[in-house]
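Generate the whole structure from the sequences, applying the supplied hints.
There are 2 protein chains.
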Amino acid sequence: MSEVGIWFGIEQEISLSGGRFQNCLREIRNCARDVEDEKKGIRINKEDWEKLHVHIASYNNFPTAAGLASSAAGFACLVFTLGKVMNVKEDYGELSSIARQGSGSACRSIYGGFVKWCMGKNNDGSDSIAVQLADEAHWNDLVIIIAVVSSKQKETSSTSGMRDSVETSPLLQYRAQTIVPNRVLKMEEAIKSRNFESFARLTCADSNQFHAVCMDTSPPIFYMNDTSHRIISLVEKWNQSEGTPQVAYTFDAGPNAVLIAPNRKNAALLLQKLLYCFPPQDHDLSSYMVGDKSILSDAGLNSMEDVEALQAPAEMKTSNRKFKGDVSYFICSRLGAGPKVVTEETQALIDSVTGLPKGV
Amino acid sequence: MSEVGIWFGIEQEISLSGGRFQNCLREIRNCARDVEDEKKGIRINKEDWEKLHVHIASYNNFPTAAGLASSAAGFACLVFTLGKVMNVKEDYGELSSIARQGSGSACRSIYGGFVKWCMGKNNDGSDSIAVQLADEAHWNDLVIIIAVVSSKQKETSSTSGMRDSVETSPLLQYRAQTIVPNRVLKMEEAIKSRNFESFARLTCADSNQFHAVCMDTSPPIFYMNDTSHRIISLVEKWNQSEGTPQVAYTFDAGPNAVLIAPNRKNAALLLQKLLYCFPPQDHDLSSYMVGDKSILSDAGLNSMEDVEALQAPAEMKTSNRKFKGDVSYFICSRLGAGPKVVTEETQALIDSVTGLPKGV
Numbered sequence: 311m312s313e314v315g316i317w318f319g320i321e322q323e324i325s326l327s328g329g330r331f332q333n334c335l336r337e338i339r340n341c342a343r344d345v346e347d348e349k350k351g352i353r354i355n356k357e358d359w360e361k362l363h364v365h366i367a368s369y370n371n372f373p374t375a376a377g378l379a380s381s382a383a384g385f386a387c388l389v390f391t392l393g394k395v396m397n398v399k400e401d402y403g404e405l406s407s408i409a410r411q412g413s414g415s416a417c418r419s420i421y422g423g424f425v426k427w428c429m430g431k432n433n434d435g436s437d438s439i440a441v442q443l444a445d446e447a448h449w450n451d452l453v454i455i456i457a458v459v460s461s462k463q464k465e466t467s468s469t470s471g472m473r474d475s476v477e478t479s480p481l482l483q484y485r486a487q488t489i490v491p492n493r494v495l496k497m498e499e500a501i502k503s504r505n506f507e508s509f510a511r512l513t514c515a516d517s518n519q520f521h522a523v524c525m526d527t528s529p530p531i532f533y534m535n536d537t538s539h540r541i542i543s544l545v546e547k548w549n550q551s552e553g554t555p556q557v558a559y560t561f562d563a564g565p566n567a568v569l570i571a572p573n574r575k576n577a578a579l580l581l582q583k584l585l586y587c588f589p590p591q592d593h594d595l596s597s598y599m600v601g602d603k604s605i606l607s608d609a610g611l612n613s614m615e616d617v618e619a620l621q622a623p624a625e626m627k628t629s630n631r632k633f634k635g636d637v638s639y640f641i642c643s644r645l646g647a648g649p650k651v652v653t654e655e656t657q658a659l660i661d662s663v664t665g666l667p668k669g670v
Numbered sequence: 311m312s313e314v315g316i317w318f319g320i321e322q323e324i325s326l327s328g329g330r331f332q333n334c335l336r337e338i339r340n341c342a343r344d345v346e347d348e349k350k351g352i353r354i355n356k357e358d359w360e361k362l363h364v365h366i367a368s369y370n371n372f373p374t375a376a377g378l379a380s381s382a383a384g385f386a387c388l389v390f391t392l393g394k395v396m397n398v399k400e401d402y403g404e405l406s407s408i409a410r411q412g413s414g415s416a417c418r419s420i421y422g423g424f425v426k427w428c429m430g431k432n433n434d435g436s437d438s439i440a441v442q443l444a445d446e447a448h449w450n451d452l453v454i455i456i457a458v459v460s461s462k463q464k465e466t467s468s469t470s471g472m473r474d475s476v477e478t479s480p481l482l483q484y485r486a487q488t489i490v491p492n493r494v495l496k497m498e499e500a501i502k503s504r505n506f507e508s509f510a511r512l513t514c515a516d517s518n519q520f521h522a523v524c525m526d527t528s529p530p531i532f533y534m535n536d537t538s539h540r541i542i543s544l545v546e547k548w549n550q551s552e553g554t555p556q557v558a559y560t561f562d563a564g565p566n567a568v569l570i571a572p573n574r575k576n577a578a579l580l581l582q583k584l585l586y587c588f589p590p591q592d593h594d595l596s597s598y599m600v601g602d603k604s605i606l607s608d609a610g611l612n613s614m615e616d617v618e619a620l621q622a623p624a625e626m627k628t629s630n631r632k633f634k635g636d637v638s639y640f641i642c643s644r645l646g647a648g649p650k651v652v653t654e655e656t657q658a659l660i661d662s663v664t665g666l667p668k669g670v
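Residue numbers (my numbering), protein chains in the order written: chain R, 311 to 670; chain E, 311 to 670.
Hints were generated in silico from the structure; no laboratory data involved. Note that beta-carbon positions come from the ideal geometry of N, C-alpha and C, so glycine has one too. One thing to keep in mind: the hints can contain errors.
[Stated by the list, open to error] Computed cross-link-like contacts, DSBU-like style, restricted to lysine-lysine with a CA-CA straight-line distance of at most 35 Å:
| hint | chain 1 | residue 1 | chain 2 | residue 2 |
| --- | --- | --- | --- | --- |
| 1 | E | K356 | E | K426 |
| 2 | R | K632 | E | K547 |
| 3 | R | K634 | E | K426 |
| 4 | E | K634 | R | K547 |
| 5 | E | K349 | E | K668 |
[To be verified] Which chain R residues stay away from chain E? Per the calculated CB distances, all over 12 Å, these:
| hint | residue |
| --- | --- |
| 6 | Q322 |
| 7 | G435 |
| 8 | S470 |
| 9 | Q483 |
| 10 | S543 |
| 11 | Q591 |
| 12 | S597 |
| 13 | S604 |
| 14 | G610 |
| 15 | P623 |
| 16 | L645 |
| 17 | S662 |
| 18 | T664 |
| 19 | G665 |
[Unchecked claim] Pair ranges (Cβ atoms, derived):
| hint | chain 1 | residue 1 | chain 2 | residue 2 | range |
| --- | --- | --- | --- | --- | --- |
| 20 | E | Q332 | R | S596 | 51 to 61 Å |
| 21 | E | S551 | R | H363 | 37 to 47 Å |
| 22 | R | G635 | E | Q621 | 28 to 38 Å |
Below you can see the structure in the form of structure tokens.
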């Protein structure tokens with residue numbers, strides 16, 4: 311299995327020789343079991359997995375390496391899928407621990423809904439696993455709008471960035487030891503009781519503090535850019551004018567804004583403000599919104615004429631600041647269900663006859 | 311004296327009714343003494359200052375309210391000058407305490423050279439004064455290049471920003487109590503021994519941490535922008551490629567970079583890198599450099615042709631990134647001597663015959 315590559319769509323074959331891939335492959339192979347499928351006439355003894363080759367094809371509907379946890383999703387999917395293929399019986403907690411060795415936050419992406427990554431106590435990290443706090447149905451009013459600010463590859467990978475922060479930021483340890491544990495408890499409570507105000511305040515404050523620690527790193531790491539700052543300012547002004555949070559924002563290791571609204575109404579209001587400030591560059595409204603496009607009609611935005619007729623948000627002082635082209639596109643989504651096995655042949659990326667990625 | 315306004319150049323008369331001005335005026339008036347100048351035929355008893363009016367004219371060769379300590383310079387100058395006019399005998403420490411009531415950092419600007427702002431222990435702040443660590447001659451090799459990134463008024467004033475940080479940033483107190491006192495000691499040592507490596511590392515790390523705390527404020531404060539980040543990246547890459555700091559950077563409450571080189575050679579090398587990345591927009595090289603223009607010839611940049619012929623710095627990966635127009639202009643300067651009395655009539659802003667600002 312060490313010879314295989316991953317095809318990203320049909321575009322690119324990449325090597326799996328890197329340590330992060332090899333860690334995951336080794337660990338999941340250690341859990342491999344006998345596979346028997348009488349209907350398909352398949353029988354593989356677990357000892358034989360060593361000798362077999364596997365074709366892996368991967369497709370991402372999120373921008374890759376832009377700080378939107380594409381590697382987390384990818385590694386979770388890889389570990390989950392190989393686990394299914396090799397009849398692995400380990401539970402989700404153990405799978406999350408394997409995925410974590412590919413990309414730290416991949417341990418969370420094994421689950422759907424709300425997930426907590428437990429730090430663990432062992433030096434070898436073996437008990438650093440993720441647990442699900444609540445599934446995606448627990449708080450299904452939430453609407454997520456992502457502003458994809460730039461899909462160019464970021465300068466600092468989140469893995470090396472975090473290592474530099476641990477080694478050089480004087481503020482990181484204080485944050486990790488004193489501030490985060492308390493916030494995690496409050497966040498669990500907010501999720502449990504679906505308290506959006508508390509959820510939003512914690513989300514925004516912790517996103518900002520994460521980026522503060524990045525800036526306190528030597529050399530400093532800047533994941534957010536001017537467009538990210540403008541989106542924060544837009545949300546903060548709205549939240550302040552209403553007195554309570556209308557929307558939460560969080561930024562991972564990149565400039566893209568993940569905006570969380572408590573309901574469709576607020577998501578639609580948010581979209582009006584966002585499209586006032588960041589109208590599409592090429593006048594193609596439909597391709598400017600990926601995912602749940604129906605949020606556009608909720609916001610009354612059925613054509614470019616509707617976008618052009620938008621009024622400046624009342625809480626914004628600078629009424630005519632439009633930043634066309636600064637956002638590549640938006641994604642509208644909801645809490646997801648985690649990895650699942652696709653059963654329809656049309657959805658599969660591997661051709662079941664040739665065993666090769668479709669289109670290769 | 312409560313009726314007077316300040317003329318900024320001949321452009322604008324501004325009111326002095328604000329609390330910050332009134333604090334300074336009240337305090338300095340409390341120190342006023344008898345003035346007698348036989349040659350000019352002037353005699354004012356200290357009780358009479360209450361009844362007299364003063365015209366104040368002020369001119370700033372730095373951009374105002376852009377986060378380059380223009381208010382610090384202005385208040386230090388105001389307090390110093392009124393002190394001279396009213397024959398105030400208080401020492402510089404006491405003057406610094408009065409200036410501080412106009413703008414915190416103005417207490418430092420009463421002196422030249424290297425100045426330390428002592429926190430003090432009294433609740434009323436009366437012992438929060440500045441002391442001079444070394445005069446401007448102590449380390450006169452240092453060359454300062456300022457990149458004026460944007461002269462538009464900043465959204466958050468440094469005074470209100472600092473108050474918000476004190477009230478809402480969980481990291482600020484840790485920084486103030488645990489990190490800063492130690493850094494101040496190290497910085498005093500670095501200045502004393504003219505240790506540029508230590509000076510530069512402390513300067514950059516502390517600038518970044520100040521901005522980290524601003525980001526940890528609720529709502530977050532962003533003084534730096536994409537251009538600031540690019541300048542930091544340029545310096546960090548150079549410093550890393552050489553193994554030791556070639557230049558230090560620091561950003562106050564705004565996007566402008568203050569870059570400190572240990573000598574003219576490094577300042578000239580820095581300027582080459584800066585002008586490669588940020589060439590002047592309007593092809594006027596001479597007005598692109600304010601202050602000591604001779605640094606341009608040190609850098610071999612005598613014409614726009616020289617700028618256009620600049621090669622990409624070896625340590626920069628992205629060779630063709632030129633950000634024309636992102637820097638308004640540069641200032642080249644050195645450590646200053648603090649406020650001084652100008653004696654030549656041509657330098658005065660007030661007409662000695664009319665008593666009015668010149669040109670009004």
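Results of checking the hints against the structure:
1. A C-alpha spacing of about 33 Å is found between E/K356 and E/K426, which places the hinted pair at or below 35 Å, so the restraint holds.
2. The hinted pair formed by R/K632 and E/K547 meets the criterion: a straight-line CA distance of about 34 Å does not exceed 35 Å.
3. Taking the CA atoms of R/K634 and E/K426, the gap is about 46 Å. The hint is violated against a cut of 35 Å.
4. Proximity of E/K634 to R/K547 is assessed by CA-CA distance (about 31 Å); at most 35 Å being required, the pair is judged to hold.
5. At roughly 23 Å between alpha-carbon atoms, E/K349 and E/K668 fall within 35 Å of each other, so this suggested pair holds.
6. The beta carbon of R/Q322 is kept farther than 12 Å from every beta carbon of chain E, the shortest such distance being approximately 21 Å.
7. Every Cβ of chain E is farther than 12 Å from the Cβ of R/G435; the closest lies at roughly 27 Å, confirming the non-interface assignment.
8. A cut-off of 12 Å between C-beta atoms confirms that R/S470 is not in contact with chain E; the least separation is 14 Å.
9. Taking the minimum C-beta to C-beta distance to chain E, about 10 Å, the non-interface status of R/Q483 is violated against the 12 Å cut.
10. R/S543, annotated as away from the interface, has a beta carbon of chain E within 12 Å; the closest lies near 8 Å.
11. R/Q591, annotated as away from the interface, keeps every beta carbon of chain E farther than 12 Å; the closest lies near 18 Å.
12. Chain E leaves R/S597 outside its interface by the beta-carbon criterion, the shortest separation being 26 Å against a cut-off of 12 Å.
13. Look at R/S604: its CB is around 31 Å from the nearest CB on chain E, clear of 12 Å, so calling it non-interface holds up.
14. Listed as a non-interface residue, R/G610 keeps its Cβ farther than 12 Å from every Cβ of chain E; the least gap is roughly 28 Å.
15. No Cβ of chain E approaches the Cβ of R/P623 within 12 Å, the least distance being about 16 Å, so the stated non-interface status holds.
16. The Cβ of R/L645 lies farther than 12 Å from every Cβ of chain E, with a closest approach of about 26 Å, so its non-interface assignment holds.
17. With a cut of 12 Å on Cβ distances, R/S662 stays outside the contact zone with chain E, its closest approach being about 43 Å.
18. The Cβ of R/T664 lies farther than 12 Å from every Cβ of chain E, with a closest approach of about 40 Å, so its non-interface assignment holds.
19. With 12 Å as the threshold on Cβ separation, the claim that R/G665 sits away from chain E holds: the shortest Cβ distance comes to roughly 40 Å.
20. Against the hinted window of 51 to 61 Å, the Cβ-Cβ separation of E/Q332 and R/S596 comes to about 59 Å, which satisfies the hint.
21. Range check, E/S551 to R/H363: Cβ separation about 43 Å, and the 37 to 47 Å hint holds.
22. One distance hint, 28 to 38 Å for the beta-carbon pair R/G635 and E/Q621, holds here, with the actual separation near 31 Å.
In the structure shown, a violation is registered for the earlier hints numbered 3, 9, 10, in ascending order.
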